[in-house]
Amino acid sequence: MFLARRNLLQDKTRLALSVGGVALAVMLILILKGFLTGMNRQITSYIDRSPGSLLVAQKGVSNLLGATSILPTTASAQIELADGVQNVIPILSQFVILDLHGKKQPAYMIGYDPVQGGGPWKIAEGREPTTNTEMIMDSVLANRHNLKIGDAFEILDQDFTIVGLSDGTTSWMTSFFFILKLAAEILLRAPGATSFLLIETKTGASTINIQSRLDELPGINALTKGDVAANDLKLFAKVFSAPLKLMVGIAFLVGTMIVGLVIYTATIERQREYGVIKAIGAANRVLYRVVTTQALVAALAGALSGVMLAYLTAQVIMAVRSQFLIIIEPRDILLAFLAGLGMALVAALFPAHVIAGLAPAEVFRK
Amino acid sequence: MTRLAFRNLFQNKIRLVISVGGVALALLLILSLDAIFAGVEKQITAYINHSGADIFVSQLNVRNMHMASSSLPITTVKEVESVPGVSSVTPILYLANMIVVGEERNLAYIIGLPENASLGGAWDIPVGRGNPGAGEAVIDQSVAEKSGVGVGDNVEILGKKFKLVGLSEGTASLVNSVAFISLADFGSLRGSLDTVSFLLVKIDPGESPVDIAGRIEAQIPQVTVETTANFAGNEKRVVKDMSTDVITIMNSVGFLIGLAVMALTIYTATLARRKEYAVLKALGAKNAHLYQAVMAQAFLSVILGFTTGLIFTLLLSRIIPLLGVNLVLEVSGPSLIKVGSVSLVIASLSALLPIRQIAGLDPAMVFRGI
Chain U
43 MFLARRNLLQ
53 DKTRLALSVG
63 GVALAVMLIL
73 ILKGFLTGMN
83 RQITSYIDRS
93 PGSLLVAQKG
103 VSNLLGATSI
113 LPTTASAQIE
123 LADGVQNVIP
133 ILSQFVILDL
143 HGKKQPAYMI
153 GYDPVQGGGP
163 WKIAEGREPT
173 TNTEMIMDSV
183 LANRHNLKIG
193 DAFEILDQDF
203 TIVGLSDGTT
213 SWMTSFFFIL
223 KLAAEILLRA
233 PGATSFLLIE
243 TKTGASTINI
253 QSRLDELPGI
263 NALTKGDVAA
273 NDLKLFAKVF
283 SAPLKLMVGI
293 AFLVGTMIVG
303 LVIYTATIER
313 QREYGVIKAI
323 GAANRVLYRV
333 VTTQALVAAL
343 AGALSGVMLA
353 YLTAQVIMAV
363 RSQFLIIIEP
373 RDILLAFLAG
383 LGMALVAALF
393 PAHVIAGLAP
403 AEVFRK
Chain E
27 MTRLAFRNLF
37 QNKIRLVISV
47 GGVALALLLI
57 LSLDAIFAGV
67 EKQITAYINH
77 SGADIFVSQL
87 NVRNMHMASS
97 SLPITTVKEV
107 ESVPGVSSVT
117 PILYLANMIV
127 VGEERNLAYI
137 IGLPENASLG
147 GAWDIPVGRG
157 NPGAGEAVID
167 QSVAEKSGVG
177 VGDNVEILGK
187 KFKLVGLSEG
197 TASLVNSVAF
207 ISLADFGSLR
217 GSLDTVSFLL
227 VKIDPGESPV
237 DIAGRIEAQI
247 PQVTVETTAN
257 FAGNEKRVVK
267 DMSTDVITIM
277 NSVGFLIGLA
287 VMALTIYTAT
297 LARRKEYAVL
307 KALGAKNAHL
317 YQAVMAQAFL
327 SVILGFTTGL
337 IFTLLLSRII
347 PLLGVNLVLE
357 VSGPSLIKVG
367 SVSLVIASLS
377 ALLPIRQIAG
387 LDPAMVFRGI
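Protein chains in written order, with my numbering: chain U, 43 to 408; chain E, 27 to 396.
Derived by calculation from the structure, the hints in this document are not laboratory data. Just to be clear, a hint being listed does not mean it is correct.
[Claimed, not checked] Straight line, CA to CA, 27 Å or less: simulated DSS-like cross-link-like pairs of lysine-lysine:
id : chain 1 : residue 1 : chain 2 : residue 2
1  : U       : Lys101    : E       : Lys172
2  : E       : Lys172    : E       : Lys186
3  : E       : Lys68     : E       : Lys266
4  : U       : Lys54     : E       : Lys186
5  : E       : Lys68     : E       : Lys228
6  : U       : Lys145    : E       : Lys301
7  : E       : Lys262    : U       : Lys280
8  : E       : Lys68     : U       : Lys280
9  : U       : Lys280    : E       : Lys172
10 : E       : Lys266    : U       : Lys287
11 : U       : Lys54     : E       : Lys307
[Said to hold, decoys possible] Quick list of simulated restraints, FRET-style, between CB atoms:
id : chain 1 : residue 1 : chain 2 : residue 2 : range
12 : E       : Ile363    : U       : Asn185    : 29 to 37 Å
13 : E       : Ser214    : U       : Asp141    : 27 to 35 Å
14 : E       : Ser144    : U       : Gly246    : 56 to 64 Å
15 : E       : Glu129    : U       : Gly246    : 26 to 34 Å
16 : U       : Thr172    : E       : Gly174    : 45 to 53 Å
Cβ coordinates follow ideal geometry from the N, Cα and C atoms, glycine included.
Turn these sequences into a full structure, and let the hints steer you where they fit.
Okay, here's the thing in structure tokens:
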């Protein structure tokens, strides 16, 4: 242990570079994971905060964000009559691409009726729309593009005026904006169309029973909001998991290489000393322990610095680019330390190989 | 001095492998992320580029398909057909929906095609036929394989059962796939037969797409007209604008990691050769010569790392599709230039620490046996 510590601390610059390298690799893993967690929370924000416990979509559609849903025109009336249903809230929603200062920004439009609900859950400034030419924009998106209440804004072929700014309705991929349902029908040239129905159930009624009753109605798919959120997450996870795993894998290998390089160099430099220790009777396992301890200390110090660096970087990114939400969960920190441990163990293989092949007599020949 | 750098670098093979590998992986981070987004851009524009159309007509201010919605009155078809220079007009309906087979759900862009459409259909049909009639559908082969269905089987699209009559290739991406049904089925399921989403326009031979696009836009109100090249360019910009910030952050981290690995390698290599450098100094070598050796070492390592990183990326681009993931890695020229420049910056910066070390080296130390 003493030897390992001395070997490591003998060259401070090298130690700092190695700890820094591992810290960067660990930070990358944590930031990537934090991006995904934050994005997942942002993706389900509408589902999580909108009224009702059930969501009714067109048959075959089980997502809010992934697929376009157009319900049969009779669906709302039929559902209102169903046992246990308290309230039926229709929305007409669709992704649109906004042109903002020459940049293409996907946004999710929600057409709703302010009396019935389904609109923004937190209006930071302004009010809800009352006419077909008024809209509520996400406050982060508005801020990024210097838009404020009273500004004119073009959506597809219609002019709108921003009358409110909502909070908690953004993500780096897309932001929500809200207009009257009638305005959405005009915009999409779909008179009377409804995408989804948000269902509030009567107090004490069984959500599952109501869901199965509604599911029997023709042309619709009734889902719990939890299922819809899970389906949206599954869909986006499918898109992002492969690139993410690739990046995390590369970051892990880089970290391993860095620790490996440091411990290997430190071992090579101390080759003669290891030879002496072997010559006076130390078993290989004692020397393995020395190099593994060095690798562990360097990797875990790097992992610890990486966790702190990740927190700091996440704060900076979120301050500079407010559309990003980076959430570093406690289990991710555990993952980072496990990654550090893994890096150390793999990295220790390089110097262990050197030590194993070291002849004790070597020291007397040099 | 270059020879000395070469020998220093290759003298210890394991250290060389670790350092070149570390830099290669850091550059691989940047290269592969660029390649992923370039691949997505390519996949996402596949339908537009293979549609056979010269011009796309859409609802006013709709300039792409991905995550967009367009609605045009059906009367626009006749209006566009009457514009001089227009050879044919194919209306399509389009929205994002699911291809459902049992519990298997796959997101797809559903295209409603007129019977015997000359434009806008699937362009590569290894199995079956490409033009779906009433109650028929054509889906991507990889989606069919994943769902365990083939030609003659049923799939559910827009909540209705369709019989598969063809399987297409090149129509799937990391995000989704493209499926084709008849325009009539699409219209009736959507509950509206008097609107279409986009018009795919073929122009007369010898005419210019830019001129005809301008002519259509001048004659018909409330539409946006784009040449196919521009329309595909807009589609790419959606991906680019969405990913710019993420790519910048990841590139910065990749750069820092590369820098740390490189600095560490050159530093440790110089440290190990401290005595030799002191001997050279004692023999009269100037600091500038030694700096040159360190710089050459840094540049050689980075060049090797860059080449290895590029080979890794190209290998990944071949291996990943074999794993059944619809992820395409496309290495682009601008990305290579960017990573090449980053490598040079890394090499220059990483040489700073050892240069400082050499500058402070006392030639007399060699005589003291340090």
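Against the structure, the hints come out as follows:
1. Lys101(U) <-> Lys172(E): Roughly 21 Å between the alpha carbons, so the hint for lysine 101(U) and lysine 172(E) holds.
2. Lys172(E) <-> Lys186(E): holds, 20 Å
3. Lys68(E) <-> Lys266(E): holds, 12 Å
4. Lys54(U) <-> Lys186(E): violated, 69 Å
5. Lys68(E) <-> Lys228(E): Distance of about 23 Å is within 27 Å: holds.
6. Lys145(U) <-> Lys301(E): violated, 57 Å
7. Lys262(E) <-> Lys280(U): At roughly 21 Å apart (the allowed maximum being 27 Å), lysine 280(U) and lysine 262(E) satisfy the hint.
8. Lys68(E) <-> Lys280(U): Within the cut-off at roughly 19 Å; holds.
9. Lys280(U) <-> Lys172(E): Measuring from Cα to Cα gives roughly 14 Å; hence the hint holds.
10. Lys266(E) <-> Lys287(U): The hint holds at about 21 Å.
11. Lys54(U) <-> Lys307(E): Judged against 27 Å, a Cα distance of about 25 Å means the pair holds.
12. Ile363(E) <-> Asn185(U): 29 to 37 Å: holds, 34 Å
13. Ser214(E) <-> Asp141(U): 27 to 35 Å: The hinted range 27 to 35 Å holds for serine 214(E) and aspartate 141(U), with Cβ atoms some 33 Å apart.
14. Ser144(E) <-> Gly246(U): 56 to 64 Å: holds, 60 Å
15. Glu129(E) <-> Gly246(U): 26 to 34 Å: holds, 32 Å
16. Thr172(U) <-> Gly174(E): 45 to 53 Å: holds, 52 Å
Hint check: violations occur at hints 4 and 6; the rest are consistent with the structure.
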